[in-house]
Structures are given as structure tokens and as C-alpha cells.
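Participant: All chains, full assembly: derive it from the sequences and hints.
Protein sequences, first through last, are from chains R and P. Heads up, the first sequence is in our numbering, so the first residue is 266 and it goes up one at a time. Heads up, the second sequence is in our numbering, so the first residue is 10 and it goes up one at a time.
For the record, the hints were derived by calculation from the structure and aren't laboratory data. Given the structure is predicted, the values throughout are model-derived calculations rather than measurements. Think of the CB as a built atom: it goes at the ideal place given N, C-alpha and C, for glycine as much as any other residue. One should not assume that every hint holds.
What the hints assert, rightly or not - If the Cβ cut is set under 7 Å, some of the chain P residues that face chain R in the computed set are:
1) Gly52
2) Leu53
3) Leu57
4) Ser62
5) Tyr85
6) Gln107
7) Thr112
Unchecked claim - Beyond 10 Å from chain P on every Cβ pair, some chain R residues (computed):
8) Arg280
9) Gln282
10) Leu286
11) Ser292
12) Ser298
13) Glu313
14) Glu317
15) Asn321
16) Leu346
17) Ser351
18) Leu355
19) Ser359
20) Gly364
21) Thr366
22) Ser369
23) Arg372
To be verified - Going by beta-carbon spacing under 10 Å, a handful of chain R positions derived as facing chain P:
24) Gln271
25) Gly307
26) Cys356
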Amino acid sequence: KAGVTQTPRYLIKTRGQQVTLSCSPISGHRSVSWYQQTPGQGLQFLFEYFSETQRNKGNFPGRFSGRQFSNSRSEMNVSTLELGDSALYLCASSVDTYGYTFGSGTRLTVV
Amino acid sequence: KQEVTQIPAALSVPEGENLVLNCSFTDSAIYNLQWFRQDPGKGLTSLLLIQSSQREQTSGRLNASLDKSSGRSTLYIAASQPGDSATYLCAVVVTGNQFYFGTGTSLTVIP
Numbered sequence: 266k267a268g269v270t271q272t273p274r275y276l277i278k279t280r281g282q283q284v285t286l287s288c289s290p291i292s293g294h295r296s297v298s299w300y301q302q303t304p305g306q307g308l309q310f311l312f313e314y315f316s317e318t319q320r321n322k323g324n325f326p327g328r329f330s331g332r333q334f335s336n337s338r339s340e341m342n343v344s345t346l347e348l349g350d351s352a353l354y355l356c357a358s359s360v361d362t363y364g365y366t367f368g369s370g371t372r373l374t375v376v
Numbered sequence: 010k011q012e013v014t015q016i017p018a019a020l021s022v023p024e025g026e027n028l029v030l031n032c033s034f035t036d037s038a039i040y041n042l043q044w045f046r047q048d049p050g051k052g053l054t055s056l057l058l059i060q061s062s063q064r065e066q067t068s069g070r071l072n073a074s075l076d077k078s079s080g081r082s083t084l085y086i087a088a089s090q091p092g093d094s095a096t097y098l099c100a101v102v103v104t105g106n107q108f109y110f111g112t113g114t115s116l117t118v119i120p
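Facilitator: So this is what it looks like as C-alpha cells:
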């Protein structure tokens, strides 16, 4: 079966711009979570969606937002990009609480 | 707040050696614990998942144990191979389906 698909794989943006990342979960998975990975902070939780509702949110500023569609696909948006937003953004999906599968990530570089 | 620590941060072993990676967490109220592997610049590959009611899981040359009461997990890799070289991450799932990740152990297996 197809895994978790994240697009695009790589992205270069300029400070002040906004960006939208996409995540298509495994078929049948209704929970989608987003994580940011940086060398200094490691993997940090952004938010989790289940059946189009945000169930949990990490400690990130309001510039980071997300949504989930009725087909469980999810997008995350970062507005007013800062240099520190450069990171690998990972999406994970699960049926609910059991066994998350991660995508390959989107590498965002802010210049 | 849940904190996850992994020791050692880096490990270099000759091929064929058995090795143990350690993970500790501060809050024992977890749903499950998952071990992941991450190759440079890539996403996370799930290795083993241990439910909170379980003590261990095995897959091939990998064995993971969980002692929830003491807040510890170990990942045992038997007969290490150069292809095992990667960063190994331990993560616990708490309420809200949020992963708390450790900082990882970078493993190098020398041919």
C-alpha cells in the first residue's frame, strides 16, 4: 500500500513569504500529525488533526497553522517566514493512536 | 512535561558486534513507545512499537524492551551490519497522540 506522501520534497523561500506544505496519509488513516526537525531543537510537535479537527497543538507561534480535509489529506501553512523556520517538516499518519507512519518530509530552506 | 533522553548520543562499533541503545522518559503515563531509524536527510522509518501494556517486541535482529515503571526502554541490535548505520530515535506517545522524541543515537557500524 502507498505510504505517507509529502509534497514538495524541497522548497526554498525568502524571508517574509508564506509557504504551504501538503501531506497525504495512508488510506484509511484519519490522524495526521506534523513535526518540525532542526539540528538544534530536534523533533518538535506542531499539531495533530483527526477527522478534520485539530486535536492537539504544540508550542509554536500562530504563524504555523494547519488544516485537514474530508479525505484526510492535510496541509500546513507558515506565514511570514523567518530564517529559523528552515527545517525538515515531517508528517505522520495513523488510524488513531496505534502505530504512526512517517513521510519522507519536506525540506524547507528560508533565505 | 515529558522529557526523553537517549544515551549514548553517538556510537561506533565494528561489524558483527551486538549493541544496546538506551532511552529514558520522565513521565510513565504513556500510550506506547516507538523506535525509529532515520537516515541522513530522510524521514523516519518505524522499527518497533511497544504498547504500554507490553514488555518487549522483536523484529529480526532487533529487540526492544519497555519498563514503564522505571521510564526506560532499550533497543538491542544483534550482529550489527554497516547498513545499520543511521540515527536511532526513541519516541513516546502521550495523550493527544503527541510524540515526544529523544535526541537520538547516531550509530556507525565499521566494516
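Participant: State for each hint whether it applies.
Facilitator: Structure-based check of all given hints:
Given the 7 Å rule on beta carbons, the hint for Gly52(P) holds: about 4 Å separates it from the nearest Cβ of chain R. Satisfaction of the interface hint for Leu53(P) is found here, the shortest Cβ-Cβ separation to chain R being roughly 4 Å, below the 7 Å cut-off. Against a cut-off of 7 Å between C-beta atoms, the interface hint on Leu57(P) is violated, since the closest Cβ of chain R lies about 10 Å away. Contact between Ser62(P) and chain R, as hinted, is not supported at the beta carbon level, the nearest pair being about 12 Å apart and thus beyond 7 Å.
At about 21 Å, the closest approach between the beta carbon of Tyr85(P) and any beta carbon in chain R exceeds 7 Å, and the interface hint on this residue is violated. At its closest, the beta carbon of Gln107(P) sits 5 Å from a beta carbon of chain R; the interface hint therefore holds under the 7 Å criterion. Using the Cβ-Cβ criterion of 7 Å, the hint placing Thr112(P) at the interface with chain R is satisfied: the shortest such distance is roughly 5 Å. For Arg280(R), the non-interface assignment is confirmed: its Cβ lies about 23 Å from the closest Cβ of chain P, beyond the 10 Å cut-off.
Annotated as non-interface, Gln282(R) keeps its C-beta farther than 10 Å from every C-beta of chain P; the closest such distance is 23 Å. For Leu286(R), the shortest C-beta to C-beta distance to chain P comes to about 13 Å, beyond the 10 Å cut-off, and the non-interface label holds. Consistency note on Ser292(R): stated as away from chain P, and its beta-carbon is indeed over 10 Å from all of that chain's, at 17 Å minimum. For Ser298(R), the requirement that its beta carbon stay farther than 10 Å from each beta carbon of chain P is not met, with the minimum near 6 Å.
With a closest Cβ-Cβ approach of about 5 Å to chain P, Glu313(R) is found to fall inside the 10 Å limit, against its non-interface label. No beta-carbon of chain P comes within 10 Å of the beta-carbon of Glu317(R); the shortest separation is about 15 Å. Chain P draws Asn321(R) into its interface by the beta-carbon criterion, the shortest separation being 3 Å against a cut-off of 10 Å. For Leu346(R), the non-interface assignment is confirmed: its Cβ lies about 21 Å from the closest Cβ of chain P, beyond the 10 Å cut-off.
For Ser351(R), the shortest C-beta to C-beta distance to chain P comes to about 14 Å, beyond the 10 Å cut-off, and the non-interface label holds. Against the 10 Å criterion, Leu355(R) falls within the reach of chain P, whose nearest CB is about 6 Å from its own CB. A beta-carbon of chain P is positioned within 10 Å of the beta-carbon of Ser359(R); the least distance is around 7 Å. Annotated as non-interface, Gly364(R) brings its C-beta within 10 Å of a C-beta of chain P; the closest such distance is 5 Å.
Under the 10 Å C-beta cut-off, the non-interface status given to Thr366(R) relative to chain P is violated; the minimum distance is some 6 Å. For Ser369(R), the non-interface assignment is contradicted: its Cβ lies about 4 Å from the closest Cβ of chain P, within the 10 Å cut-off. Non-interface status of Arg372(R) relative to chain P is broken: a Cβ of that chain comes within 10 Å, the nearest being about 7 Å off. The closest approach between the C-beta of Gln271(R) and any C-beta of chain P is roughly 8 Å, which is under the 10 Å cut-off, so the hint is satisfied.
This hint holds: Gly307(R) has a C-beta 5 Å from the nearest C-beta of chain P, less than the 10 Å allowed. Hint status for Cys356(R) relative to chain P: holds, with the closest Cβ pair at about 9 Å, below 10 Å.
This entry does not satisfy hints 3, 4, 5, 12, 13, 15, 18, 19, 20, 21, 22 and 23, going by the numbered hints stated previously.
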